[in-house]
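J.: Chains as they are written, first to last, in the UniProt record's numbering: chain A, 1 to 436; chain B, 1 to 436.
There's no promise every hint is true.
The list treats identical chains as interchangeable, and a pair is accepted whether it falls inside one copy or across any two copies.
[What the hints assert, rightly or not] DSS-like, lysine-lysine: derived pairs with alpha carbons at most 27 Å apart:
| # | residue 1 | residue 2 |
| --- | --- | --- |
| 1 | K233 | K426 |
| 2 | K233 | K320 |
| 3 | K320 | K343 |
| 4 | K391 | K135 |
| 5 | K233 | K186 |
| 6 | K343 | K233 |
| 7 | K135 | K62 |
| 8 | K135 | K343 |
Derived from the structure by calculation, the hints contain no laboratory data.
All values derive from a computational prediction rather than experimental measurement.
There are 2 protein chains.
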Amino acid sequence: MSTAPRPLADPRRQGYRILHEADLRDYMAEILDVAARLGGEPASWTITEVGDGNLNLVFIVKGARGGVAVKQALPYVRLVGESWPLPLSRAHYEYLALSKQAQLAPGLVPALLHHNENLALTVMELLEPHIIMRKGLVAGTQYPGFVGDITTFMARTLFFTSDLALSAAEKKEGIAAFAGNHALCKITEDLIFTDPYRIAEQNRWTAPYLDALAAELRDDMELHVAISRLKLKFMASPEALLHGDLHTGSIMVTESQTRVIDPEFAFYGPMGFDVGAVLANLLMAYFASAGHERAPGERAAFEGWVLETVEQVWSEFARKFLELWRAGAAGDAYPASLFAGEKGAARLEAERQAYLQRLFTETVGFAAAKTIRRIFGLAHNIDFELIADPKTRAISEARAVRLARAMMVETGTFRTIADVTGAARKLRDWMPELSG
Amino acid sequence: MSTAPRPLADPRRQGYRILHEADLRDYMAEILDVAARLGGEPASWTITEVGDGNLNLVFIVKGARGGVAVKQALPYVRLVGESWPLPLSRAHYEYLALSKQAQLAPGLVPALLHHNENLALTVMELLEPHIIMRKGLVAGTQYPGFVGDITTFMARTLFFTSDLALSAAEKKEGIAAFAGNHALCKITEDLIFTDPYRIAEQNRWTAPYLDALAAELRDDMELHVAISRLKLKFMASPEALLHGDLHTGSIMVTESQTRVIDPEFAFYGPMGFDVGAVLANLLMAYFASAGHERAPGERAAFEGWVLETVEQVWSEFARKFLELWRAGAAGDAYPASLFAGEKGAARLEAERQAYLQRLFTETVGFAAAKTIRRIFGLAHNIDFELIADPKTRAISEARAVRLARAMMVETGTFRTIADVTGAARKLRDWMPELSG
Numbered sequence: 001m002s003t004a005p006r007p008l009a010d011p012r013r014q015g016y017r018i019l020h021e022a023d024l025r026d027y028m029a030e031i032l033d034v035a036a037r038l039g040g041e042p043a044s045w046t047i048t049e050v051g052d053g054n055l056n057l058v059f060i061v062k063g064a065r066g067g068v069a070v071k072q073a074l075p076y077v078r079l080v081g082e083s084w085p086l087p088l089s090r091a092h093y094e095y096l097a098l099s100k101q102a103q104l105a106p107g108l109v110p111a112l113l114h115h116n117e118n119l120a121l122t123v124m125e126l127l128e129p130h131i132i133m134r135k136g137l138v139a140g141t142q143y144p145g146f147v148g149d150i151t152t153f154m155a156r157t158l159f160f161t162s163d164l165a166l167s168a169a170e171k172k173e174g175i176a177a178f179a180g181n182h183a184l185c186k187i188t189e190d191l192i193f194t195d196p197y198r199i200a201e202q203n204r205w206t207a208p209y210l211d212a213l214a215a216e217l218r219d220d221m222e223l224h225v226a227i228s229r230l231k232l233k234f235m236a237s238p239e240a241l242l243h244g245d246l247h248t249g250s251i252m253v254t255e256s257q258t259r260v261i262d263p264e265f266a267f268y269g270p271m272g273f274d275v276g277a278v279l280a281n282l283l284m285a286y287f288a289s290a291g292h293e294r295a296p297g298e299r300a301a302f303e304g305w306v307l308e309t310v311e312q313v314w315s316e317f318a319r320k321f322l323e324l325w326r327a328g329a330a331g332d333a334y335p336a337s338l339f340a341g342e343k344g345a346a347r348l349e350a351e352r353q354a355y356l357q358r359l360f361t362e363t364v365g366f367a368a369a370k371t372i373r374r375i376f377g378l379a380h381n382i383d384f385e386l387i388a389d390p391k392t393r394a395i396s397e398a399r400a401v402r403l404a405r406a407m408m409v410e411t412g413t414f415r416t417i418a419d420v421t422g423a424a425r426k427l428r429d430w431m432p433e434l435s436g
Numbered sequence: 001m002s003t004a005p006r007p008l009a010d011p012r013r014q015g016y017r018i019l020h021e022a023d024l025r026d027y028m029a030e031i032l033d034v035a036a037r038l039g040g041e042p043a044s045w046t047i048t049e050v051g052d053g054n055l056n057l058v059f060i061v062k063g064a065r066g067g068v069a070v071k072q073a074l075p076y077v078r079l080v081g082e083s084w085p086l087p088l089s090r091a092h093y094e095y096l097a098l099s100k101q102a103q104l105a106p107g108l109v110p111a112l113l114h115h116n117e118n119l120a121l122t123v124m125e126l127l128e129p130h131i132i133m134r135k136g137l138v139a140g141t142q143y144p145g146f147v148g149d150i151t152t153f154m155a156r157t158l159f160f161t162s163d164l165a166l167s168a169a170e171k172k173e174g175i176a177a178f179a180g181n182h183a184l185c186k187i188t189e190d191l192i193f194t195d196p197y198r199i200a201e202q203n204r205w206t207a208p209y210l211d212a213l214a215a216e217l218r219d220d221m222e223l224h225v226a227i228s229r230l231k232l233k234f235m236a237s238p239e240a241l242l243h244g245d246l247h248t249g250s251i252m253v254t255e256s257q258t259r260v261i262d263p264e265f266a267f268y269g270p271m272g273f274d275v276g277a278v279l280a281n282l283l284m285a286y287f288a289s290a291g292h293e294r295a296p297g298e299r300a301a302f303e304g305w306v307l308e309t310v311e312q313v314w315s316e317f318a319r320k321f322l323e324l325w326r327a328g329a330a331g332d333a334y335p336a337s338l339f340a341g342e343k344g345a346a347r348l349e350a351e352r353q354a355y356l357q358r359l360f361t362e363t364v365g366f367a368a369a370k371t372i373r374r375i376f377g378l379a380h381n382i383d384f385e386l387i388a389d390p391k392t393r394a395i396s397e398a399r400a401v402r403l404a405r406a407m408m409v410e411t412g413t414f415r416t417i418a419d420v421t422g423a424a425r426k427l428r429d430w431m432p433e434l435s436g
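Chain A with its partners taken away, still in its complex shape (with noise of 0.2 Å):
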């Protein structure tokens, strides 16, 4: 990491411009290995624009042979406009991240085929028939494979860009080669740890529902004191190589494949953050799972999966998590030396299990807060947007809400990921009193 290019100040200067249909088959048709991948003439390539972000522009490409993903990021927020202006170095961040989980968790992320720094571009292998886990998710699919491939993904990539595994000097190059893609960290920062519980334009929710809510959550001083802790840990706590951004909307599944996607958010940061994003955003689909239900518990046996999955990501993950720990800490945390014989080996043993106690509290307090900022913040999911009758979706959000506030002020009470799935089951018909 330490002789990655560092991204430059202002790729505009050098070269940048946003391609449209006409640039791109231009630009691909010299690209040679990008070019036969394809097959078949540069005239006859399909390229359609489909992203659906809210950052960044997406093409398909498809040629006679096969089919590429062309990701280029634009220098400013898509969903808003030139109004809100962001570098386009996260293109440089977000290939540095991709290239380090292609290494760690080989097989898990897009093959990388080509990227331009100047250009903020990207080019990687096309994902097909994969779709958005969400929107699985949302119809009910179940899939036996993604606890494995996820767990495999968080434990490989949080542990080997850890102190666990790399020497102080290493870890401190990889936080300084992420340190200038603060803008993105900015966002989250805003938008998930502040935005939900103050007055803030950007923020909505089901209204009129949830208004009194919305306003007890700004009036809540324990909670602001426990989201402001956990964005002080978001800041200030570079435990590993973060994805930064890991919802089910940036996971990509058939039934057997998984490929995690788009991580331009990636930064040194606390591993619960990662691991709590996708234990809310499952919590989520279950919570919003009756909001989609037809006739009453047809979506029993998805929702039973739903819960099994959410035990099954901490406890997979932490098994393999500490399977590498026991098996390969050749980082300068907890040194072998100093843990000698059977005493020493038990005794580091307990301190694992520790550590991974410590680590599931703070992976429950960024859960809750992954889940606040979907219900009461800009940025929306379509688990509880496509529940089309507004006082049935309010219904779900504030199970979902009522459940993060305990995990969030309460965390110390759950002590196992199955306090978290017995809480969310007893919640599962609570009746909340809503507003309007």
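Chain B: place on chain A using the hints.
T.: Chain B in isolation, oriented as in the chain A frame:
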């Protein structure tokens, strides 16, 4: 800090040479403001090499009008020789830290007069008649101005480089600016947080009297877990820009003045490491004092002053830090908008107290680590070393170690600084069992 020049990868290639007396005279003659400050003809200047530290060359240059101090980094550890190389870039980080400290705590560091990146050389104000504080403490001298000065230095340098005062972007830029100083951090990681707890060639202690105690520490797995947690915190908690080596040998004093010198270990780390360093070195001065008395009780007033100073260093630091937080929290942590109104203000104030309580606990742990390394590691201090009779010395050291072990392993039982000084007072005349 974002525009600061990055250190040269290998300054030796770009004009580095070790300056000897004659070169130094010619060099200084060409720096007009330094030459003017010295006064008279360059040939008349006296140049004396006085470096008694472990790493660098230090010259005192005096002319007809005044004097300056010149510090040049060597490409190796002076104490050991060329077999232990050490990057010259540390002079860059020292300069960067000194500049920042001068800005944040004016008058409490030596004035910077000149810096040459290629030569790894810095010219500073000559501190006269200041002496190294540790020497004064060995002699039993009280410094009534010390508490006020050191707590201002720590409160201001730590607060204003923390997330409480900076935006997350500024903070990350600061972290990145110092990330390259990892070779100096590594010295701390090895010599403070690892070696004293295992067999290591460079360890030494007052043998044979402390042989059994040394073996006990090497076998004490609770202590090994505690020191490993502190090491991890040191490596991965960039809370603020630390001095990084804030012992009483890095502080020069007169009865009314205090100057903090030598911040070449500066990096973004946990605040408790700096505060703990000051407390630990005062506590060692306290325990060493018994070994310096020629008649029982001779130094009682001094010892009383030392413990009072320990108490006031913490309480005044905490008071000033809280005052800065209340008055000037412009950082991204704990945003004011989440703590509006009377209820919010009261809750935030309680959280500030809780923050300081957490910092106190970490400070206690780091103070313990800084103590043990001076008794069993490579670098000892004259507080103990100048106790001529080794058995008397070992008794003082064993008392300090007993307190340090409790502070590190039973940290939670030390709730206030009076718990620390109370425990120290109880150990003043405790007679340890010695080996040999």
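J.: For every hint, state whether the structure bears it out.
T.: Do the hints match the structure? See the list:
no., hint, in the structure
1, K233 to K426, "neither (30 Å within a copy, 38 Å between copies)"
2, K233 to K320, "both (24 Å within a copy, 23 Å between copies)"
3, K320 to K343, "within (24 Å within a copy, 44 Å between copies)"
4, K391 to K135, "within (22 Å within a copy, 75 Å between copies)"
5, K233 to K186, "both (14 Å within a copy, 24 Å between copies)"
6, K343 to K233, "between (33 Å within a copy, 24 Å between copies)"
7, K135 to K62, "within (23 Å within a copy, 77 Å between copies)"
8, K135 to K343, "neither (50 Å within a copy, 42 Å between copies)"
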